[in-house]
Amino acid sequence: MKKGIRAALSALVIGAMVAAGVMFLSEATKRDASDFKYRPFFEDDTTYDVLFFGTSHMMNAVYPMELWREYGITSYNFGGNANSLAMSYWLAVSAFDVHKPKVAVLDVLYAGAQTPGMDVGVAHQSMDVWPLSLTKIKAVREIFPDSEGDRMEMLFPFSVYHNRWNELTAQDWGRALGGEADCTREKGAEMRIAVCEPWETALVAQDAYYKEDSVGLDYIARFIELCEANGVQPVIVNIPFPASEEHQLWANAAIRLAQEKGVPALNMQYTGAVDFDTDCYDAGSHLNPSGARKVTHALGEFLTGQFGLADKRGDGAFAGWHEDCAAYDDLKMEQLGEHDDLRETLMLLYASGFTAELETTAAYVPDDVERKLIDQLGEGIARSEAETIATPGGAEADIRLTIRDGDGGEIVTRYYDVGSEITPIAQ
Amino acid sequence: MVFNSFRFLLFFPVVLALYYAVPQRVKNVWLLLASWFFYACCGARYLWVLLAATVITYAAALAMSPKGAGKPVRARRGVFLAALLAMLGMLAVFKYAQFAVTNVNIVLRRIGIGELTLPGIALPVGISFFTFQAVGYLIDVYRGKYPAERNFVNYALFVSFFPQLLSGPIGRGGALLPQYRAARRFELDNVTGGALRFLWGMFLKVVISDRAAILVNTVFDNYRQHSGAAIVLATLMYALQIYTDFGGYSLMAAGCGQMLGIALPVNFERPYFAVSVKDFWRRWHISLSAWLRDYVYIPLGGSRRGALRKQVNVLVTFLVSGIWHGANWSFVAWGLLHGLYQAAGDLLRPVRERIIRALRIDTGTAVWRALRIVTTFALVCVGWLLFRANGLAAGLRMLLCAARDFNPFALSGGAIYALGLDAANFSLLAVCTALLLTVDVLAERGVDLRAWYVRQNWLFKVAGAALAILAILLFGVWGNAYDAANFIYFKF
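Sequence order for the protein chains is A and B.
With the numbering used here applied, the first sequence corresponds to residues 1 to 427, in that order.
With the numbering used here applied, the second sequence corresponds to residues 1001 to 1492, in that order.
Be a bit skeptical, because a hint or two may be false.
[To be verified] Below 35 Å or equal to it, Euclidean Cα-Cα: the simulated DSBU-like pairs (lysine-lysine) are:
1. B:Lys-1145 / B:Lys-1310
2. A:Lys-136 / A:Lys-100
3. B:Lys-1461 / A:Lys-3
4. B:Lys-1310 / A:Lys-2
5. A:Lys-138 / A:Lys-100
6. B:Lys-1145 / B:Lys-1278
Keep in mind that the hints were calculated from the coordinates and are not lab data.
All chains, please: the whole structure from these sequences, using the hints.
Encoded structure:
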């Protein structure tokens, strides 16, 4: 008997040591994408007006810090790469446990999907930050019904991340020992910077829609029910993109479903809010910051108009948001510094609200996309022509672009050479 | 449900705790139910095969026993042969029918006659092991080595005991049945010693074997794209993989058995320290070697019927060993090769001894022993190449490539890291292999590390165990992309 108790005690001590060790190693080996995106939300104790859910379309199209700057709305973007609607639903369940916003906005990209599943590797970005809980177990069982391995992987991420033992850095160990870790400055959104020629697509009639049942539509209905059960106002949106006919029909079905349920819905595919020629990050789907500014503005107008969300910019309880906004501005400045391609720079100018002076020689004739990018800056850009332009180093250039901040101070001046393509001149 | 799966790591502690909690008289019932559940988790479809094997051999042994107690010899022999035929027939149908039909069809196609068709038959997991164990028992009872077991639970447990059910070791009734009959109480030393064995086996499997497998699979599955040097390296890695896989499994099985108070037979005795192929088979998969010796080689006449017949018997025994490993010409060739090694070793012994005398070689030196170990290992590795290759033709081509195109410099300049393992993984594998080698050398010299560990103070022991578990969790090859059901010997 005494030996039995001793054995049980030893097993308990070993179990406790192993559990503590696994927790430490889990922290050291995990990929930090999920923490990076969601930790500020889970650690924040301010009230959120709006939470945005959906896929990368949502993540790349709605910038909470711009909503704060323009409308004083507090919001967080839960959009994640390739999130199925089941994942968005369960993210909302998880989010509402922490913060109950006034409004929850869901993008309906995969409305016609016939499965709740999604790529397990991508799902880590959305789920790793959740602690192991009954909610997480239920979510994983629903999203990965067919693979026990995938379920185990999602519930115990260490089962895959331990393979990172040979790529751990001092930062990883530091994080495990309680050190600071980097996190999003965009409240969950993500700027993706490029100007890409979109796919050719034709707009389908707005009253045409996908007429079959789908798992995606079921989850949209469940999302609406979840919001209503939590006293949150649901909103269904379709973030615009160069969509195939099938995707447009799916989205129309989702908007129709929302309307049938009396839920506010906004199908931005038909509002003309964005111009795919200037606003796409990649050919088939995501919006760049120029497109995001337009979508964010349209949603800001819609949300403040429909739900009377109060402007909190003067509220001392939200002073931290001003600091967050300053950090966000630093990020935008960094982005501007990292991208010197002419089209990208013009696109970022529109997204950032900076002003610019554009001086060109006769050699520069803007193409359609560049003309649109310049035109959309309106009074934010002053154009002039010169016979010759010289860089400070004395080299000949065809374009000089001077970017100034809101106070008129010069941020950077760039020079470009117009040959078979426009190339920045190194200074 | 295999030993290195989450399910088993949940299953076993529950079985163990309840096993020591329940009264003595129901311990075996509990173990039997747990064993059947364990088997059903591996393939419920074929639980009936295990049950049928159990019932057939149990009933037949009872019908034959007790020897000479009024039963005519012919009747006993009839029962024995019928049961033996049923058991071997079952094995033949499940394991060899498809192989036979495939080969017959090759002949039929050549001579232009149609083809035989066979419904798809899956191989019940562990069938080779529990069939051989039950057949061994049947033969022993028929020979009157010990009486038939009358208690069905004890006998069913002997056939189905979950630690050894899937990959052995192939136990003997004479050694195991008395243990199932005896009372078993909780012994701290048993649980500690068994847990240490299990842990070391797990380390061998998930840290060494499954890591080596990455390189082995990379080369063997695309051997045409690799140099002779890569093939040689992959073969060496396979020797490491299969030893740590099967050795690891056997240790885990023995560890589980020990924790439950059952001493399973030793299956490995540091086989790569063997000084001859004959010695290798005294150290590798010992329970199978002993089974083949007792139930195939000796009944064939062993060495009692002349030198030539002895060599034929050796060849036949190793042919059976090869076929037992799988219905595949590679295994047949591998078995025959080992038979030939032994026959050649025997036949060339006088020549070898004459050379040793002529050159005045001192066979007592460490160098001579090391030379024999290396030579034996090299011969075994040639066999492993055929064993692992994807078919006999591929194996022969790989052998040829390794012989013709062996340039070790082909693996220099980082080329070695293009075989599936990066520098960090190679280094880790090297460190772990050095650790294994150290442990094996110490064991070969009679140092009992387990006993040393058990003697240490409590804190050292629990901290050591916890660190070992954490090291396995961190450095082991496991998780979603990894198929836990891939112990090499499960398919045999």
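For each hint, the structure was consulted:
no.	hint	in the structure
1	B:Lys-1145 / B:Lys-1310	25 Å, holds
2	A:Lys-136 / A:Lys-100	18 Å, holds
3	B:Lys-1461 / A:Lys-3	15 Å, holds
4	B:Lys-1310 / A:Lys-2	57 Å, violated
5	A:Lys-138 / A:Lys-100	20 Å, holds
6	B:Lys-1145 / B:Lys-1278	27 Å, holds
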